[in-house]
Amino acid sequence: MSSYRQIYYQIVFGTKYRRPTINEAHCEEMYKYIWGVVKNNKCKLYRINGVEDHIHIFCDLHPSVALVDFVKDIKVASSIWMKQSGFFPDFEAWQEGYGAFTYSIREKDKIINYVKKQKEHHKKETFYDEYKRLLIENNIEFDEKYLL
Numbered sequence: 001m002s003s004y005r006q007i008y009y010q011i012v013f014g015t016k017y018r019r020p021t022i023n024e025a026h027c028e029e030m031y032k033y034i035w036g037v038v039k040n041n042k043c044k045l046y047r048i049n050g051v052e053d054h055i056h057i058f059c060d061l062h063p064s065v066a067l068v069d070f071v072k073d074i075k076v077a078s079s080i081w082m083k084q085s086g087f088f089p090d091f092e093a094w095q096e097g098y099g100a101f102t103y104s105i106r107e108k109d110k111i112i113n114y115v116k117k118q119k120e121h122h123k124k125e126t127f128y129d130e131y132k133r134l135l136i137e138n139n140i141e142f143d144e145k146y147l148l
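As numbered in the UniProt record's numbering, residues 1 to 148 make up the sequence shown, in order.
Keep in mind the hints are simulated off the structure, nothing from the lab.
Bear in mind the structure is a predicted one, so any value in this text is a computation, not a measurement.
Note that CB positions come from ideal geometry on N, CA and C, so glycine has one too.
It is possible that some hints are incorrect.
[Stated by the list, open to error] Label-pair restraints from in silico Cβ distances:
id, residue 1, residue 2, range
1, Asn40, Lys108, 32 to 40 Å
2, Lys16, Tyr114, 34 to 42 Å
3, Pro63, Gly36, 16 to 24 Å
4, His121, Ser85, 25 to 33 Å
[Said to hold, decoys possible] Pairs of lysine-lysine, PhoX-like flavour, derived with a Cα cap of 20 Å:
id, residue 1, residue 2
5, Lys39, Lys75
6, Lys119, Lys32
7, Lys83, Lys72
8, Lys124, Lys145
Make the full structure from the sequences, and use the hints.
Below, the structure is given as structure tokens:
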């Protein structure tokens with residue numbers, strides 16, 4: 001018998017101290033690099049986007065990959081690449097933590113569209129407010145002091 005699964009994640013993480021260090025002129029190159037990391041982990045990327053202080057990744061997580069290792073791999077590899085590329089001279093690092101939210105097939109198109117419209121979305125809502133809202137909407141307990 002074969003194994004079947006569907007594990008959609010929206011992964012969100014910010015830059016260290018939420019500093020605006022993701023240069024918009026070169027974010028597409030960073031997204032392509034991260035896409036390669038996702039593919040190397042046997043996962044499928046549906047959408048990646050962000051703004052100057054954070055990114056969203058919507059993907060299907062392969063069952064052989066642990067979420068914590070997957071996010072660590074993305075953050076470590078992209079951090080090294082961003083520093084070496086010269087495209088992001090103010091980038092120090094990614095923040096320590098991350099948010100990971102699961103979704104069903106029925107929500108897939110909605111989340112892809114949400115990630116696609118990040119630049120437009122953040123004209124109205126800050127990263128802090130968005131992140132807090134996502135935690136609340138997903139019934140995830142959190143300590144507000146760790147959101148700063």
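Verification of the hints:
1. Asn40 <-> Lys108: 32 to 40 Å: Since the Cβ atoms of Asn40 and Lys108 sit about 23 Å apart, the hinted range of 32 to 40 Å is violated.
2. Lys16 <-> Tyr114: 34 to 42 Å: violated (25 Å)
3. Pro63 <-> Gly36: 16 to 24 Å: holds (21 Å)
4. His121 <-> Ser85: 25 to 33 Å: holds (26 Å)
5. Lys39 <-> Lys75: holds (14 Å)
6. Lys119 <-> Lys32: Distance ~18 Å between Lys119 and Lys32 Cα, so the pair holds.
7. Lys83 <-> Lys72: holds (16 Å)
8. Lys124 <-> Lys145: Violated: Lys124 and Lys145 sit about 23 Å apart, past 20 Å.
Hint check: violations occur at hints 1, 2, 8; the rest are consistent with the structure.
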